[in-house]
Each structure stands twice: as structure tokens, then as C-alpha cells.
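Protein chains in written order, with the working numbering: chain A, 1 to 394; chain B, 1001 to 1065.
Everything labelled a hint here was simulated from the structure, so no lab data went into it. Bear in mind the structure is a predicted one, so any value in this text is a computation, not a measurement. Ideal Cβ placement from N, Cα and C applies to all residues, glycine included. Incorrect hints may appear among the rest.
Partial list, computed: chain B residues near chain A (C-beta under 7 Å) [to be verified]: (1) T1004; (2) D1022; (3) A1038; (4) E1042; (5) R1049; (6) P1056.
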Amino acid sequence: MSGPAGVLVVGASAAGLATAEALRRKGYTGDLTLLGDEPHVPYDRPPLSKQVLAGAWQPERAHLRTREVLDALDARLVLGDEAVSLDVANRTVHTAAGRALSADAVVLATGVRPRTLPGQEGLRGVHVLRSLDDALALRGDLLATRRLLVVGDGVLGAEIAATARGLGVEVVLTGPQAAPLAAQLGPLVSGLLAELHAENGVKLRLGAGVDELTAADGRVTGARLSTGEVLEADLVVVALGAVPCTGWLEDSGLVLGNGVVCDSRCRAADGVYAAGDVARWHHERFGSLLRLENRTNATEQAGAVAANILGADQPYTPIPYFWTDQFDAKLQIHGVLAPDAQVSVVEGDPAARRFVARYDRHGQPTGVLGWNMPKQARLHRQQHLAAPTTGGTA
Amino acid sequence: MKITVDEDKCCGAGSCVLAAPDVFDQRDEDGVVVLLDAEPAEHLRTAVREAADVCPAAAIALSEA
Ligand SMILES: Cc1cc2nc3c(=O)[nH]c(=O)nc-3n(C[C@H](O)[C@H](O)[C@H](O)COP(=O)(O)OP(=O)(O)OC[C@H]3O[C@@H](n4cnc5c(N)ncnc54)[C@H](O)[C@@H]3O)c2cc1C
Ligand code: SF4
């Protein structure tokens, strides 16, 4: 098998590990190094807001692979050391501990970090949720609290609200949209989600953004909304989206703009690629730059990067996909659900909370959503979304 | 090659079915993975390896026997 003499992957999580695995699966036998700043072996993030936060899983269950499987990968795993700069011409990464790691191909898979509110740092009782350590810290505090305020009405905020409610905590969910995930899912489905949360005792204070957190003696006491209203809480989780971890690349000369900007091959420069949440690449069929923050993209994009490192020269043109679990609802979202799309229920019944909806735009299906119908949603995806249309919004 | 699946981890993505439809299916009721063939023939193994690697829940484990 042809290919570079050495590959260095920065970021030892979903996309980083998947790059290494895909390289080996495709027959690459050269040197392979995986560098990550966290002390943990690669673990999965989706369970953090679900099983791990709920306490249903011990943290080890979220590990992506067993020790044996990791060993069989025959990769050097450098953990607990942070990349601080990249020399693109020499493809050399310098680390906080003083290492200089060089390779013929470098893959950037450093993911994203949570956005925060001004003044949040250093305030006790305020959490974000991105890492395993975040999840354990939040769980610890949740068990000792009465009132939780979740700031953010996106997928992460809604999941945290649902899980915390399951732990018996009083939960208020706040955010600027009319219903949780309204921008992603449109009025019909987000309306159903709002109902589901309300039924399960989550208090929804939607339609107004948070201006600032309120605090006393260095500890958070709640948040002030743009309307002036103050919501009181013992504990606050800020889930306002995330920003790509590209700070360490600022002097590299790479094009950065809401992620590492790449061509359609996920290539940022000669021999430098990006995969996962941090990558913003040119999706040829959509005809635009796209950055996805979901779990399947991390592995699929890693597979595309591995193939291109080994000489495939193929564009990466996935059908986006994510899922979310909230209370008893398991949602699967394939494709693009434009907010102005026409939504029709194509199987099942929303009243029974088991259905598949198709999202059409200009008479063309662009997305499929399943509510407690994962298999059926996947079948509709195969039927309707085989070829994503050019020029669709994303 | 022997395949085991952890139903409890499966999130119903169906990526495994897309990668190796001869080996994996999903339950109609809840989308959880169904293993059609725990010891797949030689010619299916590349697809099975891919299915295991792309599973977003790390729910598929392989052992070489
Ligand atoms: C709580 C939570 C729940 C989620 N639930 C779902 C879900 O239900 N469905 C879904 O589809 N997606 C979900 N996601 C999204 C999914 O987890 C991400 O899309 C996926 O983890 C992206 O993988 P990644 O490898 O690109 O980035 P990450 O998983 O963020 O990994 C990047 C790694 O790089 C490390 N790193 C950063 N900077 C450096 C540096 N300078 N040097 C070395 N290492 C560095 C980071 O510490 C991290 O370990 C969830 C995410 C979170 C946080
Ligand atoms: S890919 Fe993994 S999570 Fe998805 S259905 Fe198959 S086993 Fe389950």
C-alpha cells in the first residue's frame, strides 16, 4: 500500500481515532501517532449528556475502544499533551510539553470548545458540558442541587434538561427560540419537543436570550434575560454552542474561519487535513463550505481523510446525520432540514409519538426526521436522499 | 471473525446497515441493531470492519478467530 511514511493526528477523540482506524483498515502500515490534550483514552461524547450524566453508565463505558483494540491499532498514543503550534511547511507540531512531532501528513481533529458567557469564568456553580471531566463535575453538583437553569435551547441544552429532570432536579430551560431546536427542526417537531419537555416538568422560558449571569459571593444565583426578567437557580449550565479549537493554529498560515477551512478533499494545505467538528470543508454537492458538529461526521470525514491521505483524491459529500435522545424520544435526523421547508408526515403518527417526517424544499426532499422510528427513518433516507441536490442550503 | 453487538449502546443510527447490509439490520420497533450473521464470510469482512469503525456508538466489537 502506498502512502506517507508517517501520519500524525492531533486530537485523540472520535475523529482522530477514526482517522487512525480508517488508515489501518485501508492498509496503511507506516508510523502513526495520535496526540491528545486530555489524559483519558479516546471516549465518546454523546453519552456524556445522556447515560454518563444520568449515572446509568460508569465513565469507562464511554471509552471508544478497549485497551486491546487500541494496542492492535499499532499507533503511538501521546495523551495529556497539547499541540501549541503547527509548522505547515515542515508538518511539525510543537506541544506544551516541548515535543516536536513531524510527519508527512498531519490531520487536525481538535474539535470544538463550549462558548461561554462573559463573566462566567471563575464563578462557582456554572458548568459547561464537553468533556468527560465536565460531565462528572456537572453530575456531582446536580445530585446536590434543587434548581438547575439550562441556558441554551439547542440540542445539548435540551438533552441536559431532560437528563437532569430524570434525576429529579427542578429544571428551567431558557433560550431565544420559540421552542427547543426550532431553528434545526422547524415549528412542527420543535413544538412537539416543547410539549414533551413541559409534560415531563421542564419549565420552558423561551423567546428571550440571556444577557448575563447573576452572582453573589462568587457563586452564580441565576441569569438575567434580555427582557429584564431574572431566573433564579442554584446551578447553571451554559450550552450556547461551541467554537472550533483553532487557537493553536493562528500563526500557522492556514486559512481559519469558523474552523479550519479546507478544500473538497478536506485538505487545508499540502499534507495537512482536517476532520470532525473542527473542519470546515467545501461540500461539492451543496456548493458551499460546511462544518458539521455530529458524531457520524467525525467518523465519516475521518474515513474520507484517510482515503485521501492514501491517494484517493475523492471529494467528501456526506448526507448529514445526527440523533438526539430526550426523555423517551429518540430523534434521528438525516439530511438538511431547512427551517422554511415543507414538512409532511410520511409514516406513523405524531399523536402516537412515532413517526417519520420528510422535509421538502422547492419540491425536492432535503431531509428526513424520525421520532422513535430509527429504522424507518433510515429507510426513507435511502429512498429519498441518495443524491443530495446541488445548491441546497446547509 | 466473530461479531458481538452491545444493544444497550446502539443509538439506532443504522450506519452499520448502510455499510454492511448483509450482516446488520435494525429492529422495526426501536431501530436497535440486529446481527444477521455473527461469523461473516471472508468477502464480507472489509465491510464489517468498516461498519464497526463507523458505528457512532462503538456498539460493534470484532474478534479475529
Ligand atoms: C455532551 C455531548 C453530547 C453529544 N451528543 C451527540 C449526539 O447525540 N449525536 C451526535 O450526532 N453528536 C453528538 N455530539 C457531538 C459529537 O460528540 C461530536 O461531533 C464529536 O465528538 C466530534 O468529534 P471530534 O473528534 O471532531 O471532536 P472532539 O470529540 O471534540 O475531540 C477533539 C479532541 O481534541 C482535543 N484537543 C483540542 N485541542 C487540542 C490541542 N491543541 N492539542 C491536542 N488535543 C487537542 C480535545 O480535548 C478533544 O479530546 C455530542 C457532543 C457532546 C459534547
Ligand atoms: S451503526 Fe452502531 S449505533 Fe448505529 S444501528 Fe448500527 S450498531 Fe447501532
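Hints and how they fare:
1. T1004: violated (12 Å)
2. D1022: violated (15 Å)
3. A1038: A1038/B check fails; min Cβ-Cβ to chain A is 18 Å, beyond 7 Å.
4. E1042: The hint is violated - E1042/B has no Cβ within 7 Å of chain A, the shortest such distance being about 16 Å.
5. R1049: R1049/B check passes; min Cβ-Cβ to chain A is 5 Å, inside 7 Å.
6. P1056: holds (4 Å)
In this structure, the earlier hints numbered 1, 2, 3 and 4 are contradicted, and the remaining ones agree with it.
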